[in-house]
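Numbering-wise, our numbering comes out as the position in the sequence shown, counting from 1, plus 240.
In case anyone wonders, no lab produced these hints; they're calculated from the structure.
Check before you lean on any hint, since a few could be wrong.
What follows is a set of in silico ranges between Cβ atoms, one per label pair, in the way DEER data are often shown [as the list claims (entries may be wrong)]:
#1 Glu389 with Gly271: 19 to 25 Å
#2 Asn331 with Glu368: 16 to 22 Å
#3 Asn331 with Leu292: 16 to 22 Å
#4 Leu405 with Thr373: 27 to 33 Å
#5 Glu368 with Glu459: 41 to 47 Å
#6 Met332 with Thr252: 43 to 49 Å
Only pairs whose alpha carbons sit at most 20 Å apart, straight line, appear in this in silico SDA-like list of lysine to any residue [to be verified]:
#7 Lys430 with Asp474
#8 Lys341 with Ile366
#9 Lys273 with Thr252
Just so we're clear, the structure is a prediction, and the values are computed from it rather than from any experiment.
Backbone N, C-alpha and C fix where the C-beta goes; we use that ideal spot for every residue, glycine too.
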Amino acid sequence: MKFGYFITGTDTGVGKTIVSAAILRGFIKKGLKVGAMKPIETGCLNKDGILLPSDGMFLRDMAEMNDPLDFVTPIKFEHPLSPIVASRLENMDIDLDRIFKVFENLKKKYDYMIVEGIGGLMVPIIKEQKKKTKSFYFVRDLIKDMGLEVIVVSRPSLGTINHTLLTVESLLNKKIPIKGFIINYSIVTKGDIAEKTNPEILSEILDIPLLGILPYLTELNKDNIGDTALKSLDFETLLK
């Protein structure tokens, strides 16, 4: 694997999966072999006792992978909650080693890996067993341990300035490299003055590149996502 990116969001529901798919399809249209992971997914559909991760399935399809779904999404829960809470309700431990083993195997196959997180940076995954200290393992820790550069996905609406700056500051505090940020309009938006002015002010404040503004997608097929990505995202920077 030459490079890889971890796609995180300023919050839940900002459209990380669509942005991940857009980057995947853009890379593929440029002739690259790209793999995808959503290491942990909650809120999976339970079909006859088998958990189906909708985001993981979508990413595997977008990446045109023939790897097992358990490689794309090794940890799955039915309850749409944070991993630590879902694991307790479903009485299933989260095996971090399993995530890293799968990641190492996939890295050997692909030029790039696109890894989508769950929620935001400070979503708790497990409580670590350390004497006399309260220690939790967050999504931010997973990013650092995977050793990937981060792409931050921001929503355009009111509140995104605060959420985006806090996310970037949290990454910098842990010395996690940031490739840049993407503003995602593919989610439901209002078209108000905040959405029109936020991209410019965020670019002015932040010392990281704005990698693009992803517009609303009327069709979520491979060609449309890929073509839109090539027009909207800075692949010259992404490929450096």
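Going through the hints against the structure:
Checking the proposed 19 to 25 Å range against Glu389 and Gly271 shows it holds: the Cβ atoms sit about 21 Å from each other. For Asn331 and Glu368, the Cβ-Cβ distance of about 19 Å falls inside the hinted range of 16 to 22 Å, so the restraint holds. A hinted range of 16 to 22 Å holds for the C-beta pair Asn331 and Leu292, which are about 20 Å apart. Hint check: Leu405 to Thr373, Cβ distance near 29 Å, so the stated range 27 to 33 Å holds.
The hint said 41 to 47 Å for the Cβ distance between Glu368 and Glu459, and at roughly 44 Å that hint holds. At about 21 Å, the CB distance of Met332 to Thr252 disagrees with the hint of 43 to 49 Å. As the CA atoms of Lys430 and Asp474 are separated by approximately 25 Å, the hinted pair breaks the 20 Å bound. Simply put, Lys341 and Ile366 have alpha-carbon atoms about 18 Å apart, close enough for the 20 Å limit, and the pair holds.
For the given pair, Lys273 sits about 28 Å from Thr252 by alpha-carbon distance, which is inconsistent with the 20 Å threshold.
In this structure, the earlier hints numbered 6, 7, 9 are contradicted, and the remaining ones agree with it.
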